[in-house]
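As a plain string of letters, each chain reads:
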Amino acid sequence: MTTRDEQPNDKRTLAADFVLGVLDAESQSRAEALMANDTDFAAEVERWRTRLADLDAGATPMAPDPSVWSRIEAAIATAPAVATAPPRPSLWHSLSAWRAIGLIGSAAALLFAVAFGVALREAQRTPAMIAVLVDGDKAGAVVHVFNDGRAVLLPLTDIAVPPDRALQVWTLPSRERGPVSIGLMEQARTLSLALKDLPTPRNDQLFEITLEPKGGSPTGRPTGPILFKGLTSPTL
Amino acid sequence: MNPAATAHLSGDSEADERQLAAALARCASGDKTALRVIYDAEAARMTGVAFRILRRRDLAEEATQDAFVRIWRSAGSFDAARGSARGWLYAVLRNRALTILRDEGRFDSTEDLDAAAIDEPVVERLPESSALRRCLEALDAKYRSAIVFSYVHGLSHGELAGRLKVPLGTAKSWTRRGMLSLQECMG
Chain D
837 MTTRDEQPND KRTLAADFVL GVLDAESQSR AEALMANDTD FAAEVERWRT RLADLDAGAT
897 PMAPDPSVWS RIEAAIATAP AVATAPPRPS LWHSLSAWRA IGLIGSAAAL LFAVAFGVAL
957 REAQRTPAMI AVLVDGDKAG AVVHVFNDGR AVLLPLTDIA VPPDRALQVW TLPSRERGPV
1017 SIGLMEQART LSLALKDLPT PRNDQLFEIT LEPKGGSPTG RPTGPILFKG LTSPTL
Chain W
1264 MNPAATAHLS GDSEADERQL AAALARCASG DKTALRVIYD AEAARMTGVA FRILRRRDLA
1324 EEATQDAFVR IWRSAGSFDA ARGSARGWLY AVLRNRALTI LRDEGRFDST EDLDAAAIDE
1384 PVVERLPESS ALRRCLEALD AKYRSAIVFS YVHGLSHGEL AGRLKVPLGT AKSWTRRGML
1444 SLQECMG
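Taken in order, these protein sequences are the chains called D and W. Each position in the first sequence, counted from 1, maps to that position plus 836 in the working numbering. Each position in the second sequence, counted from 1, maps to that position plus 1263 in the working numbering.
A hint or two may mislead.
What the hints assert, rightly or not - In silico BS3-like cross-links for lysine-lysine, where the CA-CA straight-line distance does not exceed 30 Å:
{"id": "1", "chain 1": "W", "residue 1": "K1435", "chain 2": "D", "residue 2": "K1032"}
{"id": "2", "chain 1": "D", "residue 1": "K847", "chain 2": "W", "residue 2": "K1405"}
{"id": "3", "chain 1": "D", "residue 1": "K1032", "chain 2": "D", "residue 2": "K1050"}
{"id": "4", "chain 1": "D", "residue 1": "K847", "chain 2": "D", "residue 2": "K1050"}
{"id": "5", "chain 1": "W", "residue 1": "K1405", "chain 2": "W", "residue 2": "K1428"}
{"id": "6", "chain 1": "W", "residue 1": "K1428", "chain 2": "D", "residue 2": "K974"}
{"id": "7", "chain 1": "D", "residue 1": "K847", "chain 2": "W", "residue 2": "K1295"}
{"id": "8", "chain 1": "D", "residue 1": "K974", "chain 2": "D", "residue 2": "K1032"}
{"id": "9", "chain 1": "W", "residue 1": "K1405", "chain 2": "W", "residue 2": "K1435"}
{"id": "10", "chain 1": "D", "residue 1": "K1050", "chain 2": "D", "residue 2": "K974"}
{"id": "11", "chain 1": "D", "residue 1": "K847", "chain 2": "D", "residue 2": "K1032"}
Said to hold, decoys possible - Label pairs and their calculated CB-CB ranges:
{"id": "12", "chain 1": "W", "residue 1": "T1433", "chain 2": "D", "residue 2": "D876", "range": "26 to 36 Å"}
{"id": "13", "chain 1": "W", "residue 1": "A1285", "chain 2": "D", "residue 2": "F982", "range": "44 to 54 Å"}
{"id": "14", "chain 1": "D", "residue 1": "S1010", "chain 2": "W", "residue 2": "E1280", "range": "38 to 48 Å"}
{"id": "15", "chain 1": "W", "residue 1": "R1439", "chain 2": "D", "residue 2": "P1070", "range": "41 to 51 Å"}
{"id": "16", "chain 1": "D", "residue 1": "Q1023", "chain 2": "W", "residue 2": "E1391", "range": "52 to 62 Å"}
{"id": "17", "chain 1": "W", "residue 1": "G1450", "chain 2": "D", "residue 2": "P902", "range": "41 to 51 Å"}
{"id": "18", "chain 1": "D", "residue 1": "R1013", "chain 2": "W", "residue 2": "M1449", "range": "11 to 21 Å"}
{"id": "19", "chain 1": "D", "residue 1": "R1011", "chain 2": "W", "residue 2": "V1429", "range": "35 to 45 Å"}
{"id": "20", "chain 1": "D", "residue 1": "T896", "chain 2": "W", "residue 2": "R1365", "range": "17 to 27 Å"}
Don't read these hints as lab results, they were simulated from the structure. On a predicted model such as this, the values are computed, not experimentally measured, just so you know. No residue lacks a Cβ here, since even glycine has one placed at the ideal position from N, Cα and C.
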């Protein structure tokens, strides 16, 4: 997708540095999100991988200890089926799953409607921007940003959260400022995001959900693994 | 495991590429023997690549292990129309190795780089026919070092600056100019 205010040079440098492996954590997150959402960027990355591939091919082989394969076998025995993920991000698939949750029963549906009431009202308006937060090919949530600066996160999938942990939502208004916490929840739910003190989101602004200690990251910056991330795109 | 599944790949890069892509497709459909095909073909080379970054055998093996678990889980996201299977596999491996490398606390910060391990003649060992070799050799030595230290040994810009004894901005600019020249040379 091409947007008017993207900076091709900036993205080309980002692609080169991504393949070189020299990005800091924030730029790395941005690059990974672009890989999922921006085919031009992914193609540029592929060109760099091809150019540099001989350097990997030239490494001296070092046969790993046989225990390495045993551990791989053990790991994939306990974590099956994820491999059957669809080849492309399938928002539709996730949306149907999401709807199915709401149809489980009338009581559940009522709870659902109450909890999501704010979001439903928001959803009646057309967002100015959307970010689909993904993990590889799996869509986990969408962020809708409205013209008045308000924003809401809608989960598309259930997210397993251990009892002593929480889900924290972040955005990266600028590299200088770094990631800013805009929401915290104990389980995946529709959440209004605290964007009002931040600049209006740009195109390709990073949003992500990380797993943090209960109560939120103690450092004010993401400390746990990134579960889902994505970049904003303007709606037509 | 059937014998064909453990056979080593041919060394013909196009045939290997097709086999790796086919094996990834089989992994995506849940065929564990296909993961073993990839392992037999690439694990030793991958561990070698990780070793140049991590400089410890146990950590290099850990990177290989992490990479194969991730390859198994993400095989469905590989799209042969968008890129090479080998490139994808090594991107996963490099990502795991760099994650281990940058995981603060895993390394003693006073631990110095093993100068011998890092001065191995990486470029000279590329095949004569390699366009990458020709283009790297045509580069100004400082640009070439910047690229090799970054890509092959996993140095950050900061570490590169220390290694080359130049300010951070200079290290970044050498890397950038080197990559631009490389792109012009290789097309």
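Consistency of the hints with the structure:
Taken as a hint, the W/K1435 and D/K1032 pair is broken in the structure, with Cα atoms around 35 Å apart against an allowance of 30 Å. For the suggested pair D/K847 and W/K1405, the alpha carbons sit about 24 Å apart, so the restraint of at most 30 Å is met. For the hint pairing D/K1032 with D/K1050, the CA-to-CA distance comes to about 24 Å; that is within 30 Å, so the pair holds. Taken as a hint, the D/K847 and D/K1050 pair is broken in the structure, with Cα atoms around 36 Å apart against an allowance of 30 Å.
For the hint linking W/K1405 to W/K1428, the alpha-carbon distance of about 11 Å falls within 30 Å, and the restraint holds. Straight-line distance between C-alpha atoms of W/K1428 and D/K974 comes to about 44 Å, which puts the hinted pair past the 30 Å bound. Distance hint between D/K847 and W/K1295 is unfulfilled; the C-alpha atoms sit about 37 Å from each other, more than 30 Å. In summary, the hint linking D/K974 to D/K1032 is supported, as the alpha carbons are separated by about 29 Å, within the 30 Å threshold.
As the CA atoms of W/K1405 and W/K1435 are separated by approximately 12 Å, the hinted pair is consistent with the 30 Å bound. At most 30 Å may separate the alpha-carbon atoms for a hinted pair to count; D/K1050 and D/K974 meet this at roughly 25 Å. With a C-alpha separation of about 28 Å, the suggested pair D/K847 and D/K1032 falls inside the 30 Å cut-off, and the hint holds. Between W/T1433 and D/D876 the CB atoms are about 30 Å apart, so this pair conforms to the stated range of 26 to 36 Å.
Checked against the hint of 44 to 54 Å, the C-beta distance between W/A1285 and D/F982 comes to roughly 47 Å, which is consistent with it. Evaluation of the 38 to 48 Å hint for D/S1010 and W/E1280 yields a pass: the beta carbon distance comes to about 41 Å. Between W/R1439 and D/P1070 the C-beta distance comes to about 30 Å, which lies outside the given range of 41 to 51 Å. Taking 52 to 62 Å as the suggested C-beta distance range, the pair D/Q1023 and W/E1391 conforms, at roughly 59 Å.
Distance hint check: the CB atoms of W/G1450 and D/P902 are about 43 Å apart, consistent with the given range 41 to 51 Å. With their beta carbons about 37 Å apart, D/R1013 and W/M1449 fall outside the hinted range of 11 to 21 Å. For the hinted restraint 35 to 45 Å between D/R1011 and W/V1429, the CB-CB distance of approximately 23 Å leaves it violated. Between D/T896 and W/R1365, the C-beta spacing of about 23 Å keeps the proposed range 17 to 27 Å intact.
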